[in-house]
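Novice: Okay, here's what each chain looks like letter by letter:
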Amino acid sequence: MAQSTDALIGLYRAMCLTRAFDAKAIALQRTGRLGTFASSLGQEAVSVGVAAAMRPEDVLLPSFRDHGAMLWRGVDMAESLLYWGGDERGSDFAGPRQDFPVSVPVGTHAPHAAGVALAFKLRREPRVAVCLFGDGATSKGDVAEALNIAGVWRLPAVFVVCNNRWAISTPVERQTAAETLARKADAAGMPGERIDGNDVELVVETAARALARARDGQGPSLIEALTYRMGDHTTADDARRYRDDAEVSRQWAQDPIARTRRRLVDLGAWGKAQEEGMLAEHAAAIERAVERYAATPAQPPVTLFDYTYANLPAELAEQRAAFRPEDA
Amino acid sequence: MAQSTDALIGLYRAMCLTRAFDAKAIALQRTGRLGTFASSLGQEAVSVGVAAAMRPEDVLLPSFRDHGAMLWRGVDMAESLLYWGGDERGSDFAGPRQDFPVSVPVGTHAPHAAGVALAFKLRREPRVAVCLFGDGATSKGDVAEALNIAGVWRLPAVFVVCNNRWAISTPVERQTAAETLARKADAAGMPGERIDGNDVELVVETAARALARARDGQGPSLIEALTYRMGDHTTADDARRYRDDAEVSRQWAQDPIARTRRRLVDLGAWGKAQEEGMLAEHAAAIERAVERYAATPAQPPVTLFDYTYANLPAELAEQRAAFRPEDA
Amino acid sequence: MAAVTMVQAINMALARAMAEDPQVVVLGEDVGRDGGVFRATEGLLDRFGADRVFDTPLAEAAIAGVAVGLAAQGFRPVAEIQFSGFIYPALDQMISHAARMRNRTRGRLTCPMVLRAPNGGGIRAAELHSESPEALFAHVPGLRVALPSSPERAYRLLLAAIRDPDPVVFLEPTRLYRAGSEDVADDGKAAPLDRAFVLRPGEDLTLVAWGGVVPMALAAAERLAEEGISAEVVDMAWLKPLDTATLIESVARTGRCVIAQEAARSGGVGAEIAARLAERVLDRLAAPIERVAAYDAVLPYPRLEAHCLPSETRLLAAARRAMGRA
Amino acid sequence: MAAVTMVQAINMALARAMAEDPQVVVLGEDVGRDGGVFRATEGLLDRFGADRVFDTPLAEAAIAGVAVGLAAQGFRPVAEIQFSGFIYPALDQMISHAARMRNRTRGRLTCPMVLRAPNGGGIRAAELHSESPEALFAHVPGLRVALPSSPERAYRLLLAAIRDPDPVVFLEPTRLYRAGSEDVADDGKAAPLDRAFVLRPGEDLTLVAWGGVVPMALAAAERLAEEGISAEVVDMAWLKPLDTATLIESVARTGRCVIAQEAARSGGVGAEIAARLAERVLDRLAAPIERVAAYDAVLPYPRLEAHCLPSETRLLAAARRAMGRA
Ligand SMILES: Cc1ncc(C[n+]2csc(CCOP(=O)(O)OP(=O)(O)O)c2C)c(N)n1
Ligand SMILES: Cc1ncc(C[n+]2csc(CCOP(=O)(O)OP(=O)(O)O)c2C)c(N)n1
Ligand SMILES: [Mg+2]
Ligand SMILES: [Mg+2]
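Protein chains in written order, with this note's numbering: chain W, 1 to 328; chain V, 1 to 328; chain S, 1 to 326; chain L, 1 to 326.
Keep in mind that the hints were calculated from the coordinates and are not lab data.
Careful, some of the hints might be misleading.
Residues on chain S that point at chain V, a partial pick, calculated with CB under 7 Å [claimed, not checked]:
hint	residue
1	19
2	21
3	22
4	23
5	57
6	59
7	73
8	75
9	102
10	103
11	108
12	163
13	252
14	255
With a straight-line cut-off of 20 Å between C-alpha atoms, the simulated DMTMM-like cross-links for lysine to aspartate or glutamate are [unchecked claim]:
hint	chain 1	residue 1	chain 2	residue 2
15	V	24	V	216
16	L	189	L	21
17	W	121	L	152
18	V	24	V	318
19	V	24	V	76
20	W	24	W	247
21	V	121	S	21
22	W	121	L	187
23	V	24	V	201
24	V	121	S	51
25	V	24	V	275
26	W	24	W	287
Stretches of chain S that chain V covers, calculated by requiring three or more beta carbons in the stretch to come under 8 Å of a beta carbon on chain V [claimed, not checked]:
hint	segment
27	122-131
28	148-159
Here a beta-carbon is modelled for each residue, glycine too, at the ideal position from N, C-alpha and C.
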């Protein structure tokens with residue numbers, strides 16, 4: 001692997017932070033302090049690995065399960081919580097200003113990635129649009145249309161299917177008969193590759209290659225990263241209704257975090273002290289983020305009128321003027 | 001080739017009739033007796049060949065350029081003229097009662113084909129849904145979604161891309177970077193095959209194989225039939241704005257009708273007498289169809305209210321009651 | 001006869017329709033083993049088997065399109081869109097094909113399908129999980145649009161929708177799915193087609209609502225009664241076509257009308273109702289028609305959602321204005 | 001200054017906008033070499049090159065979606081949908097993304113795009129080539145919707161649409177593309193945002209129209225003048241938001257209003273206009289507001305199309321009814 005040990009430690013830490021953040025978010029949801037939340041448990045290597053292969057000036061178009069990538073790119077955990085807490089300001093993140101917010105409709109951000117990549121191409125900027133979506137999303141027409149356009153225009157875009165085997169209750173075998181999801185690339189005339197998405201180094205390496213290719217004007221590619229959704233679909237879901245606990249248990253053997261930790265331990269680069277130090281550090285960072293989240297003053301209700309248009313239409317100005325927050 | 005000479009003569013005649021009908025329709029349009037019309041000049045082998053591989057109880061879902069297939073299936077030329085003349089009754093054809101009408105929106109009938117095929121599968125009927133669309137249609141999300149569903153449900157459907165190289169002014173090279181349009185099948189996990197669509201026997205044979213496969217419960221397939229749109233996109237188009245006459249001229253060498261005629265002549269099965277007899281017969285049949293078309297009494301204007309709902313809503317009944325044809 | 005919630009009533013209607021008519025099939029994302037994310041299709045797979053209930057790939061345009069194909073073949077597909085916020089990709093199929101198949105073929109092929117979707121706000125859900133797109137469908141000739149507002153009406157309207165030979169968009173207020181329960185006889189009786197329900201008679205004022213705001217209108221009427229104002233509450237139930245007769249009869253009598261809708265104010269179904277009343281009973285109107293609706297802003301995320309959606313307070317204020325008691 | 005048709009004026013506005021602002025790019029099916037099926041983009045490829053004008057694959061959802069991506073990156077894409085009858089697959093992107101990007105990110109990302117499409121009937125075109133879907137967009141917070149009704153207004157409204165920092169759906173009446181020509185100065189002056197045009201002053205009656213029926217309203221006004229009825233003609237021009245002030249001013253004065261729209265009657269933009277008037281100037285109305293619109297039937301194919309669409313005869317009849325001269 002091309003990664004240095006330091007880099008691997010960085011990836012490991014990011015995956016661990018993602019998981020810890022994830023657990024905290026679920027806890028906050030369970031106690032009524034956050035809205036419905038989509039956990040990325042078990043698939044951190046994909047989200048983090050892809051982001052790690054990007055440059056700051058690239059643009060990320062994440063799915064709703066990509067806090068791993070978003071945090072890596074510089075979104076503040078408090079911003080992420082704000083988003084999941086039902087506050088639009090969570091997507092006005094200070095970090096990667098051109099990155100896209102989460103796309104709630106599955107797969108509809110894929111055409112945006114083509115548009116962003118086209119912008120780069122037209123401006124002759126060596127930047128890449130990176131779009132993450134799930135196995136379920138590959139059934140959407142939007143994704144097919146976007147891949148096709150990116151292919152024929154040779155756009156600097158990288159599409160990553162995080163194949164976690166499930167789209168809510170639908171296993172990937174009932175989502176498509178395609179041999180692999182990487183084969184979706186054939187329809188668009190771009191290279192498609194399936195990789196072990198629980199191997200974070202491989203994810204970084206594969207994504208880096210695809211990004212370099214795109215940056216170099218050689219066009220888009222599709223990466224299928226095989227992983228597994230260890231948790232429920234969201235906090236509103238109960239996966240035991242439709243899948244075997246045994247299957248989930250088996251998948252723990254592939255856990256990307258445990259794998260990476262083993263590798264670091266084998267390399268002599270990680271041990272109990274580092275692990276404990278990191279966990280404490282993460283816990284503290286998360287606590288601080290939760291505090292910032294909790295301390296964020298509410299948006300004044302009247303601001304609900306202020307971001308629909310740059311030029312407030314007269315009719316909306318009237319509604320705004322008549323608005324009384326106490327009427328809710 | 002598996003076709004008998006008689007069968008080949010049948011195909012030849014059907015292609016010739018399609019072309020003659022086509023020419024007549026253009027003439028009618030030019031003289032104001034028909035609306036905008038989409039000619040199938042040069043690609044008759046695909047439309048006719050596919051239909052010839054079907055059984056009567058199968059269901060055809062044609063594109064707007066498939067009068068070849070529709071006439072073969074038993075749509076009356078007068079009905080077709082009625083349709084292109086701007087009269088809904090043209091799609092209420094007496095012949096193949098379960099066949100679909102022309103789909104004006106490109107590619108959106110592909111999901112219908114999946115639905116029809118699903119109906120066959122659920123009822124365990126040995127029938128096949130056959131959907132025809134163009135190269136341009138393969139860029140539509142609807143087509144990708146339909147192929148994917150047909151694939152994963154192993155539906156008895158055959159999808160045929162009539163690759164006539166152009167979607168209005170867009171050549172297929174700028175439509176997609178896919179190696180072939182047959183590769184679109186990879187994304188859906190079904191077999192895809194590219195064939196010479198100007199070889200009518202090959203079209204029949206390939207379609208027949210795909211139909212047999214589907215009928216046999218082995219699932220859908222995609223056929224890309226390579227041909228060429230010899231005419232303008234429609235009577236409203238002037239292709240010289242965007243493509244070389246020289247390219248068109250070269251394509252005449254591939255003309256499926258001339259090819260089939262040569263073959264029949266080589267087989268000693270066709271000659272001047274037969275040709276002249278057929279042409280006269282077709283001309284007469286077309287004349288009769290035009291007469292039937294011209295003699296079709298107009299729909300009473302008030303009928304415009306009568307097919308939107310089976311149960312006429314009160315508000316529409318009111319509008320109907322107040323309707324005065326002289327107000328137009 | 002047991003007390004059931006709205007989502008249970010919907011489940012009951014689906015089971016009933018499937019038991020009665022083998023052509024009724026249910027399809028959509030996660031409608032099978034999972035029973036739908038709100039459990040509306042729970043148990044149907046076990047009871048009717050995989051030939052009658054099927055999970056689809058994640059593709060809303062195709063869900064509608066497949067239903068069109070099934071319907072043309074004589075099936076009566078009931079397709080579920082997981083939330084009405086994801087129904088937009090299905091609009092093309094509904095507008096370009098479902099709504100036109102009968103007319104296009106002069107009745108040779110028809111489209112007896114139902115497109116169901118959970119609808120509306122009030123459950124503090126994520127973005128696009130609280131949409132009210134009913135007006136987009138209610139403008140389309142060839143479609144019917146229905147919204148229930150109680151378990152019983154859900155049961156009977158859904159049966160009417162499934163039995164109707166034309167496409168029906170059936171939007172179910174998520175906020176009412178489990179908001180309460182009532183006894184519903186599983187007797188297979190459908191609600192009349194295209195007919196509104198007068199839920200509470202009144203003399204001074206007509207409150208018109210549908211779906212998720214109906215209980216709000218009923219509560220407001222109760223409150224108005226305390227103030228000596230007798231409000232009639234009309235649940236439109238069908239938004240396409242509209243039951244103009246019931247509307248006119250009521251407003252001609254009361255002379256005052258407040259319309260409550262969850263969708264954004266401008267261009268909502270409330271506008272059509274107001275326009276019809278202004279056309280038909282102008283001379284009976286003792287006060288301008290009031291509309292209470294979501295503001296014409298993008299619907300806020302949960303934190304501010306309630307500030308944008310109609311509230312009982314706003315309904316009451318409008319009613320009092322209409323009564324000249326502002 | 002030469003007399004230009006509407007489609008030439010649109011072409012002129014596009015060229016002007018592209019010349020002024022390098023961020024303006026044009027995309028759509030056949031907009032390049034072919035110049036668009038109506039020639040609205042003719043010559044732009046030659047003049048501005050393949051980096052500013054590009055043919056897209058046949059994929060309407062992606063055309064809108066790609067524009068959203070370009071716009072987020074600071075471009076000002078002007079995307080063409082070949083006919084508004086094929087705009088339905090783009091609704092999801094327009095509603096779920098274009099209309100929300102500013103709000104969703106609190107202004108961090110925006111969507112200064114225009115979605116253009118030929119619109120409306122009257123040209124005896126094939127099915128789905130004569131649609132009037134403006135109401136579907138006019139209900140959506142975050143969008144603007146404009147329709148021109150003359151070459152000059154087309155030029156100025158399109159410039160306003162392109163320069164506006166938010167998404168605008170721009171629907172061009174095909175029946176007016178070449179219906180006449182007029183002198184239009186290529187001076188880069190945009191029409192004011194969100195403002196209707198009073199095309200003809202009048203005192204007895206207000207005729208409200210937009211797009212393809214505006215000339216019909218003007219002709220009707222002429223005819224009414226002969227009958228001694230002075231009709232004011234208002235071209236709404238923007239359907240989202242609506243210029244309520246101009247409407248109110250006019251109808252408060254005339255006391256009578258006839259609204260003409262090409263779209264199906266129920267749930268059209270005319271309903272919103274009527275509803276607003278009923279709210280705001282109820283006491284000034286001397287007669288019920290009349291709406292002249294396509295019937296609530298599937299729009300017929302060319303043979304019967306004219307029987308469904310509004311006609312001058314129907315407009316005149318409505319005006320006379322409003323004047324009590326029926
Ligand atoms: C267009 C659309 N349809 C339906 C939904 C509801 N929904 C949310 S996530 C999801 C499954 C997504 O599966 P996949 O793409 O595999 O992503 P994963 O959840 O596994 O990350 C569904 C159906 C949605 N958000 N958007
Ligand atoms: C959804 C949709 N978009 C655009 C159009 C306008 N249009 C009609 S035919 C056509 C090109 C179709 O190309 P192809 O699929 O190759 O079929 P062909 O015309 O070559 O038979 C276009 C863009 C349409 N009818 N439907
Ligand atoms: Mg998944
Ligand atoms: Mg073609």
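Novice: Hints first: check each against the structure and report whether it holds.
Specialist: Hint by hint, here is what the structure shows:
1. 19: 17 Å, violated
2. 21: 14 Å, violated
3. 22: 10 Å, violated
4. 23: 10 Å, violated
5. 57: For residue 57 (chain S), the interface hint holds, since the closest Cβ of chain V sits about 6 Å away, which is under 7 Å.
6. 59: 4 Å, holds
7. 73: Status holds, d = 4 Å.
8. 75: 6 Å, holds
9. 102: With a minimum Cβ separation of about 5 Å from chain V (threshold 7 Å), the hint on residue 102 (chain S) holds.
10. 103: 4 Å, holds
11. 108: Constraint on residue 108 (chain S) satisfied, holds at 5 Å.
12. 163: 11 Å, violated
13. 252: 17 Å, violated
14. 255: It is violated, given that the least Cβ distance between residue 255 (chain S) and chain V is near 23 Å, above 7 Å.
15. V:24 x V:216: With a Cα-Cα distance of about 40 Å, the restraint between residue 24 (chain V) and residue 216 (chain V) is violated, given a limit of 20 Å.
16. L:189 x L:21: 14 Å, holds
17. W:121 x L:152: Violated: residue 121 (chain W) and residue 152 (chain L) sit about 35 Å apart, past 20 Å.
18. V:24 x V:318: 42 Å, violated
19. V:24 x V:76: 15 Å, holds
20. W:24 x W:247: The hint is violated at about 25 Å.
21. V:121 x S:21: 18 Å, holds
22. W:121 x L:187: Not satisfied, since the Cα-Cα distance of roughly 32 Å exceeds 20 Å.
23. V:24 x V:201: 26 Å, violated
24. V:121 x S:51: Measuring from Cα to Cα gives roughly 9 Å; hence the hint holds.
25. V:24 x V:275: Within the cut-off at roughly 18 Å; holds.
26. W:24 x W:287: 9 Å, holds
27. 122-131: violated (count 0)
28. 148-159: It is violated: at least three residues are needed, and the segment 148-159 of chain S offers just 0 whose Cβ sits closer than 8 Å to chain V.
The earlier numbered hints that this structure contradicts are 1, 2, 3, 4, 12, 13, 14, 15, 17, 18, 20, 22, 23, 27, 28.
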